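> As given, the protein sequences belong to chains H and G, one line each in that order.
Residue numbers for the first sequence follow the numbering used here, so the first one is 1 and each next one is one higher.
Residue numbers for the second sequence follow the numbering used here, so the first one is 1 and each next one is one higher.
Calculated directly from the structure, the hints in this document are not laboratory data.
Check each hint, because a few of them may be wrong.
[Stated by the list, open to error] In silico DSS-like cross-links for lysine-lysine, where the CA-CA straight-line distance does not exceed 30 Å:
| id | chain 1 | residue 1 | chain 2 | residue 2 |
| --- | --- | --- | --- | --- |
| 1 | H | K20 | H | K66 |
| 2 | G | K69 | G | K58 |
| 3 | G | K69 | G | K49 |
| 4 | H | K64 | H | K14 |
| 5 | H | K14 | H | K55 |
| 6 | G | K103 | H | K66 |
| 7 | G | K58 | H | K64 |
| 8 | H | K64 | G | K103 |
| 9 | G | K58 | G | K103 |
| 10 | H | K20 | H | K64 |
| 11 | G | K68 | G | K58 |
| 12 | G | K68 | G | K49 |
| 13 | G | K49 | G | K103 |
| 14 | G | K103 | H | K55 |
| 15 | H | K20 | G | K69 |
| 16 | G | K103 | H | K20 |
| 17 | H | K41 | G | K49 |
| 18 | H | K20 | H | K55 |
| 19 | H | K66 | H | K41 |
| 20 | G | K69 | G | K103 |
| 21 | H | K41 | H | K14 |
| 22 | H | K14 | G | K69 |
| 23 | H | K41 | H | K20 |
| 24 | H | K14 | H | K66 |
All values reported here derive from a predicted model rather than from experimental measurement.
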Amino acid sequence: GAVVSQHPSWVICKSGTSVKIECRSLDFQATTMFWYRQFPKQSLMLMATSNEGSKATYEQGVEKDKFLINHASLTLSTLTVTSAHPEDSSFYICRVRDPEAFFGQGTRLTVV
Amino acid sequence: AQSVTQLGSHVSVSEGALVLLRCNYSSSVPPYLFWYVQYPNQGLQLLLKYTSAATLVKGINGFEAEFKKSETSFHLTKPSAHMSDAAEYFCAVSDRGGTSYGKLTFGQGTILTVHP
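Next comes chain H alone, as it looks inside the complex:
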């Protein structure tokens, strides 16, 4: 079936730095991808909808200048956490919309 590859699987960064997370769709074109955040022992919360060739749509309460999303091609969407702080430490997961609602493997971000 369709595969979504997310990289890196984990990352540790210093407070104030930026981190980029990649989400790639393999073997198919993904015009729309979704980015979720999951805090420990909590459910997934949608952060934004990434659309190929256009600006991302952010959910209420998500800072678009902090969480930069780029969807420059039909197979790649990136999430950049800018000026990361310890409270940004979380599990970030991407998902494709079509052809199936498959998720990436997730990225564990720890900001120290």
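Using the hints, position chain G against chain H.
Here is chain G on its own, set in the frame of chain H:
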């Protein structure tokens, strides 16, 4: 607006026993419904989905779920639990029909523990 309620944040069963994870949904349009499983520090794996075809949906690893519109439920079952089923399970509803799956709204998750 859509919402999902998973009854029971923790479910514990013995190996070989029936697994029943409950999910109720609220949707103003005919929903697409999903069950996902998540192992620690991993992404979500799709177990099964309901897309308005058969109301009894069979998924991977012996799981199945039945869509009951009158009860607005989509409970997940497995006749005989295996140790490897221990994980967290999420029920989700999609806000779009047709051939694509839009925003997913997730339940709070149910942690399944399987005792030997």
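> Now look at each hint and say whether the structure bears it out.
Hints, verified against the model:
no.	hint	in the structure
1	H:K20 - H:K66	holds (12 Å)
2	G:K69 - G:K58	holds (17 Å)
3	G:K69 - G:K49	holds (15 Å)
4	H:K64 - H:K14	holds (21 Å)
5	H:K14 - H:K55	holds (28 Å)
6	G:K103 - H:K66	holds (22 Å)
7	G:K58 - H:K64	violated (39 Å)
8	H:K64 - G:K103	holds (18 Å)
9	G:K58 - G:K103	holds (23 Å)
10	H:K20 - H:K64	holds (14 Å)
11	G:K68 - G:K58	holds (15 Å)
12	G:K68 - G:K49	holds (14 Å)
13	G:K49 - G:K103	holds (15 Å)
14	G:K103 - H:K55	holds (17 Å)
15	H:K20 - G:K69	violated (42 Å)
16	G:K103 - H:K20	holds (23 Å)
17	H:K41 - G:K49	holds (24 Å)
18	H:K20 - H:K55	holds (17 Å)
19	H:K66 - H:K41	holds (24 Å)
20	G:K69 - G:K103	holds (21 Å)
21	H:K41 - H:K14	holds (24 Å)
22	H:K14 - G:K69	violated (49 Å)
23	H:K41 - H:K20	holds (24 Å)
24	H:K14 - H:K66	holds (16 Å)
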